[in-house]
Amino acid sequence: MKWRIVFDAYFPEPGSPSLNDFLEMGPNPLPEILSVLLRFRLHKCAILGDVSQAFLQITLDPKDRDLTRFLWYRLAQNGQGSYDITDDVITYRFTRRPFGLTCSPSLFSATIRTLANMYHDTYPTASGFMDRSTYMDDFATSALDITTIFSVVTSLLNTIRLSMYKWATNSTHLEDTWRTQVLPLQTVTQLFGMGWDTQSDTLHVDHIETT
93 MKWRIVFDAY
103 FPEPGSPSLN
113 DFLEMGPNPL
123 PEILSVLLRF
133 RLHKCAILGD
143 VSQAFLQITL
153 DPKDRDLTRF
163 LWYRLAQNGQ
173 GSYDITDDVI
183 TYRFTRRPFG
193 LTCSPSLFSA
203 TIRTLANMYH
213 DTYPTASGFM
223 DRSTYMDDFA
233 TSALDITTIF
243 SVVTSLLNTI
253 RLSMYKWATN
263 STHLEDTWRT
273 QVLPLQTVTQ
283 LFGMGWDTQS
293 DTLHVDHIET
303 T
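Using this note's numbering, you'd call the opening residue of the sequence shown number 93 and step up by one each time.
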């Protein structure tokens, strides 16, 4: 069974501050969400992607890792092939930035912007798209040649081993390319809280009934 542990950096110990009380939120380097949406519909062919486990891709400086220490009960395998919790307590610490830190969104966005600047000469087209069309860990844009955009953006991300998944597009040519590469794709997905049906190429918002 795969476990996904959620750490709440806002939760304080009684009489003590939480970890987020000591962290600065940082500046907001995100592009305007309306601008991203407009660029997403600027051309006929559009594309969406989601950076996989975005915050966990950022390495913590060794001198900051002691701030992310946590306790964990050691597990021991039993005769039935599962695990039991023992009384042995282990101290761990993160080497990557965990979810839930108040500074994580700012730092990840700054990482994407730094990546775009570092490789601007090598991947000028991809760098511009990543800088202007990435909102948090969501990439959304449109272009005349969307297949080329997918290729250069993927190459740029591969320079630091960032992977993007949950790909979606209304381009049948790009979808055929993904099928050839055995890449998973979505025909109904989400864009900033709106639904996008790539087959009919329509955006929709769920109706809210009021009384």
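Keep in mind the hints are simulated off the structure, nothing from the lab. Among the hints, erroneous ones may be present.
[As the list claims (entries may be wrong)] DEER-style ranges, computed between Cβ atoms: (1) Asp293 <-> Arg224: 30 to 36 Å; (2) Leu275 <-> Asp100: 30 to 36 Å; (3) Asp156 <-> Leu130: 35 to 41 Å; (4) Gly173 <-> Phe114: 40 to 46 Å; (5) Leu129 <-> Asn170: 48 to 54 Å; (6) Lys155 <-> Thr214: 29 to 35 Å; (7) Thr251 <-> Lys94: 35 to 41 Å; (8) Gln291 <-> Leu163: 30 to 36 Å; (9) Arg133 <-> Thr246: 21 to 27 Å; (10) Gly171 <-> Gln145: 44 to 50 Å; (11) Leu115 <-> Asn170: 18 to 24 Å.
Each residue gets a CB set at the ideal place from its N, CA and C atoms; glycine is no exception.
Okay, the hints, checked on the actual structure:
Remark: the range hint 30 to 36 Å for Asp293 to Arg224 is contradicted by a beta-carbon distance near 22 Å. For Leu275 paired with Asp100, a C-beta distance near 34 Å keeps the hint of 30 to 36 Å intact. Our hint of 35 to 41 Å for Asp156 and Leu130 holds, since their Cβ atoms are close to 38 Å apart. Here the CB-CB span from Gly173 to Phe114 is close to 42 Å, well matched to the stated 40 to 46 Å.
Remark: the range hint 48 to 54 Å for Leu129 to Asn170 is upheld by a beta-carbon distance near 53 Å. The given range of 29 to 35 Å is respected by Lys155 and Thr214, whose C-beta atoms sit roughly 31 Å from each other. The given range of 35 to 41 Å is broken by Thr251 and Lys94, whose C-beta atoms sit roughly 29 Å from each other. In this structure the hint that Gln291 and Leu163 lie 30 to 36 Å apart at CB is violated, the actual value being about 49 Å.
Judged by the Cβ atoms, the range 21 to 27 Å given for Arg133 and Thr246 holds: they are separated by roughly 22 Å. Range check, Gly171 to Gln145: about 34 Å between beta-carbon atoms, so the 44 to 50 Å window is missed. Checked against the hint of 18 to 24 Å, the pair Leu115 and Asn170 fails, with Cβ atoms roughly 40 Å apart.
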